[in-house]
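From the two separate chains plus the hints, produce the assembled complex.
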Amino acid sequence: MTIALIVRRSLRQHALSTTITALSIALAGGLLMSVWVVKEQAQRTFTQVNTGFDAVLGARGSKLQLVLNAIFHLEASPGNLPASDYEYIRRHPAVKLAIPIAVGDNLRGYRIVGTIPEFFTEVEYAPGRHFSLSAGRVFDPSAKEAVIGSFAARRLGLAVGDTFHPFHGLVYDVRNQHAETYRVTGVMAPSNTPADKVVWIPIHGLQTMSGHDPRAATDVSAVLVQLRSPSAGFMLDIMYNKQGNRLTFAYPIGAIMAELFQKISWFDKILTMVAYLVAVVSAAGVLVAIYNSMASRRRDIAILRALGAGRLFLFGAIVLEATAIGAIGMAVAFVAYAGIVSAVAVVIQAQTGVLLETFAYSPVMLWAPLGMIALCAACGLLPAWKAYRTDVAENLSPIS
Amino acid sequence: MSPGPALLQLSGLRKSFPAPDGGRKLIIDVPDFSLAMGEHIVLRGESGSGKTTFLNLISGILAPDSGSIRIGGVDMAALGEHRRDLLRGSSIGYIFQTFNLLQGYSCLENVMLGMTFGTRGDKAQALALLGRVGLSHRLNHYPRQLSSGQQQRVAVARALAKRPKLVLADEPTGNLDHKNAREALELVRETCLETGAALLLVSHDPEVLGTFHNVRDFAGLNVALKEASS
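Read top to bottom, the protein sequences are chains A and B. This note's numbering puts the first residue of the first sequence at 1, with every later residue one more than the last. This note's numbering puts the first residue of the second sequence at 1, with every later residue one more than the last.
Isolated chain B, as found in the complex (with noise of 0.2 Å):
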């Protein structure tokens, strides 16, 4: 599959944190990526590399130093934090490695929530993802009444429900066995390609890398990387 016009362009991308000398380290330094609407690209990387604050960044959850975050031409690094919600809300599907579902919140109500922030979706729409998903039966469960594989599930539905343009999964499997991390990653894959949206996955882990066709190394793509280990 060609890739189509390009969803996220990310230019000049840097991110920096307080060092514990005073000073402050740069973590994120990305010249340039982009991703096309409805390509799927996984990125590689260790713990501690960077990748979930490359995420967060695309997400809008940090703004960066410098650089332009473009996602359906809209520059997320040039907006407030308000402008940033909206268009996470509207346009991003985040999966998290711990899930991250409300603990208050039935399964159904998690899906609902991430709904109602987007600018799509309805109940029928989270039903028939918590069907997709196989959880039809556990609707109003808590998170804590389910498996991790299920909550994991309930995770990925919620991420998926509003139809996002984009989806960022951060380690989807890191939490999960064999089985279930196979099932969760199918699962992400499939109603991607379903609904067309774009993927952007970063793991560490070899069978995850393995099922994906388009893999690129997050070292590669971060100078700060490069540089430190320099």
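Just chain A, same shape as in the assembly (with noise of 0.2 Å):
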């Protein structure tokens, strides 16, 4: 109790430079817990995201560029393929079933891309889960109709019954504003999957958008495919990628979007490497802000060794007060944490249409505090050890 007494008055007494310091461990840990809890989650949900599909086919290309651009909706397509081969695909005994899609048109930035209505109706996104409309229907697959992803229909400000005109290319530019009208016969629930984040029409529809190249009215952008077993993917890899040269089959997606984050792991090194330079240099902070506080301690601690205090009392209690601010600040770090991560998943929510569960359990939630606490602690022995070598005659003044 009289340690704890002791603790709790230093904290006091030295309120500015304990908020400081615990604001500044709060900042460090918060940003400690986000990189990592963003980076696992992130992975974690990219390379399980695929949208209830196993593979896609598209024009021959990267993989990787195939998946983002079908997936998840942010690359360019690498080409079309003609109609053929959907149609092939689409029977294969193997597939249990392939939605075409075509891409190249935009509305003020959303990606516009054509489907047929079996996308709505027959994709289990997630384990148990279809796509389902919030307000409307799906659209008539011979009329100009669309239905909204629900964080487009949010950001866009479109209901049912509202009207657009299309722009052509993916990169929103006023001057190319297709001639034609698309009235939203429905809008999405949020699925909090890449496809709330975009404004889906007719493929036909956008096949024959005016402007779009005539000779191409029947290619579609990519194939999205539902198999009947995993062996069937490995057959259809060798079918598409060894044996052919003109297509590419996309399989498994999960293993692709790994590879992905595989190739920018150095980044995430950097970013994980700064974040804890940050923690370091913050609990550092600790040592400096007792450190130069103890000038103004030596008589206290002179008193309290004249009363019976031993040395490694004094110590304790120093190290403890530098525990104490850690711990006050990793408290608040989980503020901090939750404002950053809420705020990065907003922006790869606006980006990708995945949100991110920023709020799940992570160990990191566990280690970080409890490795910045004993860092903080580790900080308070340097000046625990000038405490315990203070002099207490030559503190306690004046002498007679």
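There may be inaccurate statements among the hints.
To be verified - Dumping the calculated DSBU-like pairs for lysine-lysine here, alpha-carbon to alpha-carbon at most 35 Å:
1) A:Lys39 x A:Lys269
2) A:Lys386 x B:Lys179
3) A:Lys263 x A:Lys242
4) A:Lys96 x A:Lys144
5) B:Lys165 x B:Lys179
6) B:Lys226 x A:Lys386
7) A:Lys39 x A:Lys96
8) B:Lys165 x B:Lys226
9) B:Lys25 x A:Lys386
Just so you know, these hints were derived from the structure itself, not from any lab.
Below you can see the structure in the form of structure tokens.
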């Protein structure tokens, strides 16, 4: 109890430096946890999100580009494939479901993707979960109608009954407006998948949009494929990628995304190192704050010693004080963490449509606070040693 | 009152400090001194005569160059710093001239801390002593909120709260006016009588010296002073 009282009083006596140091610990700890969780969550989510598909068939090119374009709606399309290729894979006995998509237009920066109504009715984007509409109905494949992803609808301010003109290309340019007018017939319920940030229209509409090459009026950008079994994927992989030289069969999607994270792992490492460095610097702040206040503490230390407090007791009190600053800082760090990851999650959702589970438990929430508190305790050792060495008689003045 | 068995027994106590010329200056050289249980002794000495150093040696705050300091049979001089801290915490109450109260702690906390490192005392004891020194209404006040006289009373309560066997008082009235000085002195003496503690008080104040029967000259005790003046 006595040591707790001494630590509490000391923290109060040095309230300003305690607050500033604890805040720097909080920011550093929050940053460290955020970097770790975002990295972990992004990797886990992006390697698991496949919107219910096992593979993507597209023009010859990079598998990663194909997946990013067809599943995450991020990259440019590597090219088109003829309708016959879609028909072939659709009828292949190893394929359970094949959904064609066509890309090439946008609505004020949000991608317009042409597809078939089965995308909304047949696809199980996660176990037991089908896409659903929060309002309206699925478009008529032969009409100029659209279904808007929940995120895109919110950002574009579109609701059932509204109309819009598509813009040519994947990048919004006000001069590239198409003449066609589309009417919104449905708004998707949030699925936390990339589908949320897409404006979906009938594939025929996109293929025949004014200004598009009429020779490619039946081409598709990619085919999203559900397989009947995993072995079918390897068989089709050999067929398209090894034996054929015209198309690319991206399978399995999770492994391809994992490859992406592997490629950019150096960036993760740098980010993590920076976070560690910030944590170490802020913990060193505890050392500096307590060490600098030792001059004003010497008299109190001498008095406590004169009252019978042992040197080890006071050594322990200083280490405990450093530990307490670390603990206070790390308690506040969770607030900083909540703020940082919420902001990052909004940015990631805006870019990809994927919502990270930022508040799900991660081991970093245990080891980062414990590590930071231990680091702060270690930083208290030097000032504690100084307290240990304080000369009692010299600091109990005056003498007679 | 006849003196009881010796509580404090000093023998061949010497302490020197580094001198500006690079050598060492002998400040304390007390061949022999004893204080019986319950006995009150006042040492008279001028400022700078080494009285505080003498008390610091007895309390174990300083370690002597040589000699022994037996308190209740335990030689303080032979103990390591940690054991000296423990012995001081359990057996000695120290009243400082400048009070040495902890500024960030309330009156009650200051007194409680004085007891914490000893072996006796509890909150009730601290409250009783603060009541005894007339500060029941100032329990949660901080030293800066008290007058000098009140601060010294807290210091006295702190030194006595753990019921030490030995009370050391270093110019306890040095920073007080006449009225407060008289009251503080009475308080120290009375509470020592009540608890049976031995009292070793050092002062150069004639008014203080006049209120005690057993007054000794520190210069007569400390051979180093005689040699320095000769």
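A quick look at each hint next to the structure:
no.: 1; hint: A:Lys39 x A:Lys269; in the structure: holds, 10 Å
no.: 2; hint: A:Lys386 x B:Lys179; in the structure: violated, 41 Å
no.: 3; hint: A:Lys263 x A:Lys242; in the structure: holds, 23 Å
no.: 4; hint: A:Lys96 x A:Lys144; in the structure: holds, 29 Å
no.: 5; hint: B:Lys165 x B:Lys179; in the structure: holds, 28 Å
no.: 6; hint: B:Lys226 x A:Lys386; in the structure: violated, 38 Å
no.: 7; hint: A:Lys39 x A:Lys96; in the structure: holds, 34 Å
no.: 8; hint: B:Lys165 x B:Lys226; in the structure: holds, 31 Å
no.: 9; hint: B:Lys25 x A:Lys386; in the structure: holds, 28 Å
Hint compliance for this structure: hints 2 and 6 are broken, all remaining hints hold.
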